[in-house]
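Visitor: Now for the letters of each chain:
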Amino acid sequence: GAVVSQHPSRVICKSGTSVKIECRSLDFQATTMFWYRQFPKQSLMLMATSNEGSKATYEQGVEKDKFLINHASLTLSTLTVTSAHPEDSSFYICSARVPYGYTFGSGTRLTVV
Amino acid sequence: GESVGLHLPTLSVQEGDNSIINCAYSNSASDYFIWYKQESGKGPQFIIDIRSNMDKRQGQRVTVLLNKTVKHLSLQIAATQPGDSAVYFCAETAYNQGGKLIFGQGTELSVKP
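Sequence order for the protein chains is A and B.
Under the working numbering, the first residue of the first sequence is numbered 1, with each subsequent residue one higher.
Under the working numbering, the first residue of the second sequence is numbered 1001, with each subsequent residue one higher.
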């Protein structure tokens, strides 16, 4: 089946620094990738949709200058949290659209201290 | 971003009992619905799906019911086991229109041995 590899699984960074999260499709080409954020005891909130070779589409209320998404190839999409602050601490998950549905990365736990 | 950001409701059942988890969806254009199971610190795990041209679908110990009239989805788990303890999310999408996958509120299922 289609597998998305997400790295890192956990990251701790200092306030003000940037963090990059990668999602790679291992055995298929991911034309479309979705990025979600999940706070404790809450649902997955869609942040943005990225399409290979074009600019990402951000959901209302998501700062595109803060959450930079790059989808330069059919096998790699990245989310960079710029100038991270403690309120950005969350669980970030990517998902790729596949012919029969969707497949998810294993998530990244970001802690900003 | 899109989602319901409320805290999770909980459902507590006795081992061996049947569980029913409900979900209301919002988009009448949604044509594909998925139930996911999420364990702590992990990405969503596919359980069962249903398309809008069906009203019931059965899997192994799980059944999904779809009522398009009232935009309601339910997941039934037969003979619930301790390993079923997790958070369950419904998700909807207008898949045939290339739509986004939007998650519902989620329910935390706790199974007592």
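No lab work stands behind these hints, which were simulated from the structure alone.
It is possible that some hints are incorrect.
What the hints assert, rightly or not - Cβ pair distances, simulated, as ranges:
#1 A/14 with B/1017: 14 to 24 Å
#2 A/57 with B/1042: 35 to 45 Å
#3 B/1022 with A/14: 37 to 47 Å
Unchecked claim - Below are the DSS-like pairs computed for lysine-lysine, each with C-alpha atoms no more than 30 Å apart in a straight line:
#4 B/1112 with A/64
#5 B/1042 with A/14
#6 A/55 with B/1042
#7 A/41 with A/20
#8 A/41 with B/1068
Glycine residues also receive a C-beta, built at the ideal position from the N, C-alpha and C atoms.
Visitor: All hints, please: hold or fail.
Guide: Evaluated hints:
{"no.": "1", "hint": "A/14 with B/1017: 14 to 24 Å", "result": "violated (48 Å)"}
{"no.": "2", "hint": "A/57 with B/1042: 35 to 45 Å", "result": "violated (27 Å)"}
{"no.": "3", "hint": "B/1022 with A/14: 37 to 47 Å", "result": "holds (43 Å)"}
{"no.": "4", "hint": "B/1112 with A/64", "result": "violated (44 Å)"}
{"no.": "5", "hint": "B/1042 with A/14", "result": "holds (24 Å)"}
{"no.": "6", "hint": "A/55 with B/1042", "result": "holds (28 Å)"}
{"no.": "7", "hint": "A/41 with A/20", "result": "holds (24 Å)"}
{"no.": "8", "hint": "A/41 with B/1068", "result": "holds (28 Å)"}
When held up to the earlier numbered hints, the structure conflicts with 1, 2 and 4 and fits the remainder.
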